[in-house]
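Spelled out from the first residue to the last, the chains are:
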Amino acid sequence: KAGVTQTPRYLIKTRGQQVTLSCSPISGHRSVSWYQQTPGQGLQFLFEYFSETQRNKGNFPGRFSGRQFSNSRSEMNVSTLELGDSALYLCASSGQGPHEQYFGPGTRLTVT
Amino acid sequence: SQQGEEDPQALSIQEGENATMNCSYKTSINNLQWYRQNSGRGLVHLILIRSNEREKHSGRLRVTLDTSKKSSSLLITASRAADTASYFCATVSDNYGQNFVFGPGTRLSVLP
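Each protein sequence line maps, in turn, to chains A and B.
When the first sequence is numbered by our numbering, its final residue is 112 and no position is left out of the sequence of numbers.
When the second sequence is numbered by our numbering, its final residue is 112 and no position is left out of the sequence of numbers.
No lab work stands behind these hints: they were computed from the structure.
C-beta: ideal position from N, C-alpha, C; glycine also.
A few of these clues could be false.
[Unchecked claim] Simulated pairs of lysine-lysine, DSS-like, Cα-Cα distance not exceeding 30 Å:
1. B/K70 to B/K26
2. B/K56 to B/K70
3. B/K69 to A/K57
4. A/K57 to A/K13
5. B/K70 to A/K57
6. B/K56 to B/K69
7. B/K26 to B/K56
8. B/K26 to B/K69
9. B/K26 to A/K57
[Unchecked claim] Listed below are several chain A residues computed to face chain B (Cβ distance under 10 Å; list not exhaustive):
10. Q37
11. K57
12. P105
[Unchecked claim] To give an idea of the chain A side of the interface with chain B (calculated C-beta under 7 Å), a few residues:
13. G42
14. L43
15. N56
16. E100
17. G104
18. G106
Start from the sequences and build out the full structure, keeping to the hints where you can.
Below is the structure:
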């Protein structure tokens, strides 16, 4: 089985712009979660989608949004980028239930 | 505040030695999982231990869980240079809506 893939792997954006990141889960997995990882805050949960519905949401501002498509692929969008949004964005997929998650390699976003 | 906290923050050992990392958490959990992350990459699932289990083994890994103390430990025996990575514990709890809550991680360096 192919693993979780994320595109793009690296991204440089300017403050005020918006960005869309993509995640393709492992075939058959219906849950996709997104995390932000920074040196200062560590791994923080953004949101989780299951069968095209947002099932859980972390404590992030409304500039962070996501969606999931019928094939379980997911996108996350960050609008009006701030310098503090520079981070490694990780997505993870899992089967039904709180079982182990399988992570993608991440998208490194740099905001200048 | 974070559900999970790893201890120590950093650990440096020689190849062949054992490495022990600890994780403490604050609320009751459904399960606790350990993940490894090589520098700037995605996380790899290592082991899952359920709240009704006390110990679990996987190869050179041994995980214990003490729900009365709300703590877990990860032991890596006969460490290798390839074990150099950051190790995270993640808790899954009804209190957090079944979200994965990650601790800040332990940075392990195994010196050849």
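Status of the hints after comparison with the structure:
Proposed proximity of B/K70 and B/K26 is supported: the alpha carbons are some 7 Å apart, at most 30 Å. Among the hinted pairs, B/K56 with B/K70 is consistent with the structure: their alpha-carbon atoms are about 16 Å apart, no more than 30 Å. Distance hint between B/K69 and A/K57 is fulfilled; the C-alpha atoms sit about 29 Å from each other, no more than 30 Å. Using a Cα cut-off of 30 Å, the hinted pair A/K57 and A/K13 holds, with the two alpha carbons roughly 25 Å apart.
Between B/K70 and A/K57, the direct Cα distance comes to roughly 25 Å. Compliance with the 30 Å bound is thereby established for this hinted pair. Restraint check for B/K56 and B/K69: the C-alpha separation of about 17 Å stays at or below 30 Å, so the hint holds. Annotation: proposed proximity of B/K26 to B/K56 holds, straight-line Cα distance about 21 Å (limit 30 Å). Using a Cα cut-off of 30 Å, the hinted pair B/K26 and B/K69 holds, with the two alpha carbons roughly 9 Å apart.
A threshold of 30 Å between alpha carbons decides the hint, and for B/K26 with A/K57 the separation of about 20 Å falls inside it, so the pair holds. Hint on A/Q37 holds. Least Cβ distance to chain B is approximately 9 Å, under the 10 Å limit. Interface restraint check for A/K57: the shortest CB-CB distance to chain B comes to about 9 Å, inside 10 Å, so the restraint holds. With a least beta-carbon distance of about 5 Å to chain B, the hint placing A/P105 at the interface is held under the 10 Å criterion.
Proximity of A/G42 to chain B holds as hinted, the smallest CB-CB distance being about 5 Å (cut-off 7 Å). Taken as an interface hint, A/L43 checks out: its beta carbon lies about 4 Å from the nearest beta carbon of chain B, inside 7 Å. Hint on A/N56 holds. Least Cβ distance to chain B is approximately 5 Å, under the 7 Å limit. Satisfaction of the interface hint for A/E100 is found here, the shortest Cβ-Cβ separation to chain B being roughly 4 Å, below the 7 Å cut-off.
Interface hint status for A/G104: upheld, as the beta-carbon distance to the closest one in chain B is roughly 5 Å, under 7 Å. Among the interface hints, the one on A/G106 holds; its C-beta lies about 5 Å from the nearest C-beta in chain B, closer than the 7 Å criterion.
Hint compliance for this structure: no hint is broken.
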